[in-house]
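Here are the chains, one letter per residue:
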Amino acid sequence: GENVEQHPSTLSVQEGDSAVIKCTYSDSASNYFPWYKQELGKRPQLIIDIRSNVGEKKDQRIAVTLNKTAKHFSLHITETQPEDSAVYFCAARGAGTASKLTFGTGTRLQVTL
Amino acid sequence: EADIYQTPRYLVIGTGKKITLECSQTMGHDKMYWYQQDPGMELHLIHYSYGVNSTEKGDLSSESTVSRIRTEHFPLTLESARPSHTSQYLCASSGSMNTEAFFGQGTRLTVV
Numbered sequence: 082g083e084n085v086e087q088h089p090s091t092l093s094v095q096e097g098d099s100a101v102i103k104c105t106y107s108d109s110a111s112n113y114f115p116w117y118k119q120e121l122g123k124r125p126q127l128i129i130d131i132r133s134n135v136g137e138k139k140d141q142r143i144a145v146t147l148n149k150t151a152k153h154f155s156l157h158i159t160e161t162q163p164e165d166s167a168v169y170f171c172a173a174r175g176a177g178t179a180s181k182l183t184f185g186t187g188t189r190l191q192v193t194l
Numbered sequence: 203e204a205d206i207y208q209t210p211r212y213l214v215i216g217t218g219k220k221i222t223l224e225c226s227q228t229m230g231h232d233k234m235y236w237y238q239q240d241p242g243m244e245l246h247l248i249h250y251s252y253g254v255n256s257t258e259k260g261d262l263s264s265e266s267t268v269s270r271i272r273t274e275h276f277p278l279t280l281e282s283a284r285p286s287h288t289s290q291y292l293c294a295s296s297g298s299m300n301t302e303a304f305f306g307q308g309t310r311l312t313v314v
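Same order as they appear, the protein sequences are chains A and B.
82 is the number of the first residue of the first sequence in the working numbering; add one for each residue after it.
203 is the number of the first residue of the second sequence in the working numbering; add one for each residue after it.
No wet-lab data here; the hints were simulated from the structure.
Beta carbons are placed, not taken as given, at the ideal position from N, Cα and C, and that holds for glycine.
Any given hint could be a false lead.
[To be verified] With a Cα cut of at most 25 Å, we get these calculated DMTMM-like pairs of lysine to aspartate or glutamate:
| # | chain 1 | residue 1 | chain 2 | residue 2 |
| --- | --- | --- | --- | --- |
| 1 | A | K149 | A | E120 |
| 2 | A | K152 | B | E244 |
| 3 | A | K149 | B | E274 |
| 4 | A | K103 | B | E203 |
| 5 | A | K149 | B | E203 |
| 6 | A | K118 | B | D205 |
| 7 | A | K118 | A | E96 |
| 8 | A | K149 | A | D108 |
| 9 | A | K152 | A | D108 |
| 10 | A | K152 | A | E96 |
| 11 | A | K139 | B | D261 |
| 12 | A | K103 | A | E137 |
| 13 | A | K123 | B | E224 |
| 14 | A | K152 | A | E164 |
| 15 | A | K118 | B | E244 |
| 16 | A | K118 | B | E265 |
| 17 | A | K103 | B | E244 |
| 18 | A | K123 | B | E274 |
| 19 | B | K220 | B | E203 |
| 20 | A | K118 | B | E203 |
| 21 | A | K138 | B | E224 |
| 22 | A | K103 | B | E224 |
| 23 | A | K123 | B | E302 |
| 24 | A | K118 | B | E281 |
| 25 | A | K123 | B | D205 |
| 26 | A | K103 | B | D240 |
| 27 | B | K259 | A | D140 |
| 28 | A | K152 | B | D261 |
[Said to hold, decoys possible] Derived list of chain A stretches under chain B, where covered just means 3 residues or more per stretch with a C-beta under 8 Å from a C-beta of chain B:
| # | region |
| --- | --- |
| 29 | 95-106 |
| 30 | 155-163 |
| 31 | 168-179 |
My request is simple: use the sequences and hints to build the entire structure.
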């Protein structure tokens, strides 16, 4: 089955700096890669996703890059703000009707003033 | 409003009790998931369903069961609750194509 590794497990940056979280996946057939943000006491919510036919996607201060050859994808947050502090999860899903989402272990991002 | 609903939100029960956590979604999604998560920690997959009468066990499934008789409903049953089951349980659903998964608000379970 799919295995998703996520690094780092914790990340502390100063407000205004950039943050990068990296994930690798094992199943070369995976073709969908979402990123979720979970604030304290709340449910995970999708912030951005990318499909295997695209190498990069941006949404304001958030971007995701995908390297299919190396089987890794990354989340980039620019101009970080205190409200970006949360736990971030990457995930991967393969092709096929029975394929399921496999999550990384999460990264706790702390944006300090 | 299309959403995914979990009940109860909070539950405190005694050791040895049988409990069922409810999850329903109104989005017509064929895939549904149960995760166990301690606050701010990893999402551990307990069970997965890719359609009616089609379920798979996850990493932590050995002490629980699920059923998927209807598309919209995916209950999780703990046959004999233990203090080690104390955690938050999150239900999620997604469509058959590569679309996002939506999470319910969770059930926070405490076994005393």
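Status of each hint after checking the structure:
no., hint, result
1, K149/A x E120/A, "29 Å, violated"
2, K152/A x E244/B, "21 Å, holds"
3, K149/A x E274/B, "34 Å, violated"
4, K103/A x E203/B, "35 Å, violated"
5, K149/A x E203/B, "37 Å, violated"
6, K118/A x D205/B, "18 Å, holds"
7, K118/A x E96/A, "18 Å, holds"
8, K149/A x D108/A, "10 Å, holds"
9, K152/A x D108/A, "8 Å, holds"
10, K152/A x E96/A, "30 Å, violated"
11, K139/A x D261/B, "33 Å, violated"
12, K103/A x E137/A, "14 Å, holds"
13, K123/A x E224/B, "18 Å, holds"
14, K152/A x E164/A, "30 Å, violated"
15, K118/A x E244/B, "13 Å, holds"
16, K118/A x E265/B, "29 Å, violated"
17, K103/A x E244/B, "16 Å, holds"
18, K123/A x E274/B, "23 Å, holds"
19, K220/B x E203/B, "31 Å, violated"
20, K118/A x E203/B, "23 Å, holds"
21, K138/A x E224/B, "36 Å, violated"
22, K103/A x E224/B, "34 Å, violated"
23, K123/A x E302/B, "17 Å, holds"
24, K118/A x E281/B, "32 Å, violated"
25, K123/A x D205/B, "15 Å, holds"
26, K103/A x D240/B, "22 Å, holds"
27, K259/B x D140/A, "35 Å, violated"
28, K152/A x D261/B, "23 Å, holds"
29, 95-106, "violated (count 0)"
30, 155-163, "violated (count 0)"
31, 168-179, "holds (count 6)"
Of the numbered hints listed earlier, those contradicted by the structure are 1, 3, 4, 5, 10, 11, 14, 16, 19, 21, 22, 24, 27, 29 and 30.
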